[in-house]
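**Student:** Spelled out from the first residue to the last, the chains are:
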Amino acid sequence: MRVHVTFYGGLKQDVGARQQTVELPGDAPTVGALVETLAVRYPALAERLATVACAVGDTLVGPDHALRDGDEAALLPPVSGG
Amino acid sequence: MGRWIVTGPLALDPLLRETEDVASGALVVFYGTVRDHNDGRPVESMTYEAHVPLAEKVLAEIEQETLAKFGARRCRIQHRVGHLALGEPSVLIVVRAGHRDAAYAASRYAIDELKQRAPIWKEEHYADGDSRYLEGVPLARKDETPT
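Protein chains in written order, with this note's numbering: chain A, 138 to 219; chain B, 2 to 148.
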């Protein structure tokens, strides 16, 4: 199944793109599995993962959240608004 | 333009009209504006980006919290995204309360919370052509208690 991932802030520089579509094996891969897949593919991203949060749609989710085909996920680095 | 995240110049008058309330005796307005230096480096401009759906949700929550926690009567928060020049406002917070104690406290709370919780990122552009995303505050992930 595939999910669409948007990389916010400086993460897009680690990945080389603002958005990626990611294929994940299994019926209900978790957000944790998505993040591990991305860390292997993008080592620069792996270094930052301790401070990166994840959202699906407009909701923050934890690593055990089950993804569905077509989900819009986002990786959110430390924030600096205001 | 969205209700909380906007792409054009921030406008005070519509928010003043929207929050009109004759039972409020105090009105506090906060603007954050683009500053010409940071960490000793001269800044030429800034770019802000947001995860818009989540940011709108977070700013709406913060507005409601100012009413509940401080007894403010009205609160509106707007943050601009895109490329901003020096001196331009990036964030605007309007608070009305019966009296000034609540209005000042609510306004301070709103900007402090926004800086910790809003999924918004600032990239600084320097005179030498370099650009950098600010270090930032890690978002508390779901199931974690924010410190």
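Treat the hints as calculated values from the structure; they're not laboratory data. A couple of the hints might just be wrong.
Claimed, not checked - Quick list of in silico lysine-lysine cross-link-like pairs, DSS-like style, CA-CA up to 30 Å: (1) B:Lys116 / B:Lys70; (2) B:Lys58 / A:Lys149; (3) B:Lys116 / A:Lys149.
Please read all numbers here as calculations on a predicted model, not as lab measurements.
**Student:** Against each hint, give a clear statement of whether it holds in the structure.
**Tutor:** Consistency of the hints with the structure:
Using a Cα cut-off of 30 Å, the hinted pair Lys116 of chain B and Lys70 of chain B holds, with the two alpha carbons roughly 18 Å apart. Distance hint between Lys58 of chain B and Lys149 of chain A is fulfilled; the C-alpha atoms sit about 23 Å from each other, no more than 30 Å. Between Lys116 of chain B and Lys149 of chain A the CA atoms are separated by roughly 21 Å; this keeps the pair inside 30 Å, and the hint holds.
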